[in-house]
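Chemist: For reference, the chains in residue letters:
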Amino acid sequence: MALTNRSVAIDRSPMTFVESLYLPSIFKGMGITFSHIFKKKPTINYPEQTRPFSPVFRGLHVLNRDEEGRENCTACGLCAVACPAEAITMEAAERLPGEENLYREEKYAAKYEINMLRCIFCGLCEEACPKDAIYLSETFAPANFARKGFIYGKDDLLIPNKNTEPEAYAKAKGLNQ
Amino acid sequence: MGDLLKVTIDNITVEVPNGTTILQAARLVGGEVAPPAMCYYSKLEGSGGKCRTCLVEVSKGSEKDPRPMPKLVASCRTTVMDGMEVKNITSDRVLDARAGVVEFLLLNHPLDCPICDQAGECHLQDLSYEHGKSGTRYEFQRRTFKKHDLGDYIQLHMTRCILCYRCVFTADQLTKTREHGVLDRGDHAEIATFIEKNLQNDFIGNVIDVCPVGALTDKTFRFKNRVWFTKPVDAHRECTTCCGEVQLWMRGDEVFRVTARKDEWGEVKESTKGGTGWICNTCRFEKKQATDWVIEGPSEVSRHSVIGQGHYVNTVKPKETFTDVMKGLEPRLYMDIHDISEVNKPEVSLSLLDRPAHSTDFGKK
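Chains as they are written, first to last, in this note's numbering: chain A, 1281 to 1457; chain B, 67 to 431.
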């Protein structure tokens, strides 16, 4: 039973002389190919050129700091419990007297690690975070030859301090800003 | 009148002995019918009547006097009468009043759950999640307190306290001398010791277990891990001072915390040797090696609790077929996570520290 009326019966009759020369069909095909030279290129020369990310793009994570440059993360573990890939691990510590300029709350993440091999960039950690500490930025995780390069610790994730290292902070904010 | 009184709670009838409170009768029914209780603790004499979260409506006083009670009553302190009819979740008045009570309890509560060690097993969290409103109408500074040091084992966060008096009753009824209590009145009322004093009684650690919020927490567990990342197992040891039956909160082979076993109402369970299973300070704070304990098996965790996340029971681990298929070849590991990862290093045991971890503990790389 025919589902649509668009089906065409295959014509298996022998080719005529003009058809058996193949030349008209070849020129027709070449014509289509050459006409694309004058059309707009859909590709870009990555990495010299990059495309703008959409504002909701979920890329590499950053750990945020507050206005005074103190770390926001309190190691509450909500990102780790929300993570469907179980990519996030952390170890918490208590802030000592004298470290108030480093950490916003009395508890902080002494170690914080994201396994980018496991991460699926779903952004649930960002949504779970009660302290605005983790964000997914508009960058890719760079390629690497070894797996060990994908275990991101706090050194890799923490955004540079805006007040003490402004150049690094500007760089971390990215080229798209 | 016979020995058993008939009481109907949310259209479910139970028969209870004379002198039972409405709350205890409702707990016999169980489930959602049981009103929440923040201050009442069935194992502590004289507790209850302070937090007002267990308010219920009595729509029929008794068989002899069927008039309804004019106001909502605290179910933990009201004993049942024969033929009494009680409305808990079926009454809009009760739900409205409870939402109000939760709002009052949260007025001065700092809501620092991301930092608080009690998060995940906090009764106030459960209560506000179930009955609370998302916003607050309070516009003033939350009250703060001068910090009191209660010694090496117990951390007091007075801002989180809801003044349920459970710890005071515990100290009164379990230990020989009580050194802490509620000082001052009204908005200034606080749990404290009169002069700076360490709490040092054999059973004083139980105040941590009875505290419904994170006001009293274990200093040896402080900030070490979140409760939902640790796995509760039942364990026991020979102890001369207490029953020795505890719950270990473990991660791998590390014992992060030792608590008494809790029942479904969050109260300390009866021990198998009779009596309430309070545990002593030695068991609670000093036995943090897995070898100190005889492990009985994983504790039962409510299906709805966050503590049950990631804990798989009765799972069958499939057989590794790689070596059979590859004629005895071992799979080649491209990366051992412990070689790279800085977290949970096998040689650093945070659980053995008797204080919170500091930056100095991680400094040595």
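None of these hints come from the bench; they were simulated from the model.
For every residue, glycine included, the Cβ atom is placed at its ideal position computed from N, Cα and C.
Mixed in with the good hints, there may be bad ones.
Here's a subset of chain B near chain A, in silico, CB distances under 10 angstroms, partners left out [stated by the list, open to error]:
id, residue
1, G341
2, F388
3, I403
4, I406
Chemist: Check the structure against each numbered hint from earlier and tell me which ones fail, lowest number first.
Modeler: 1, 2
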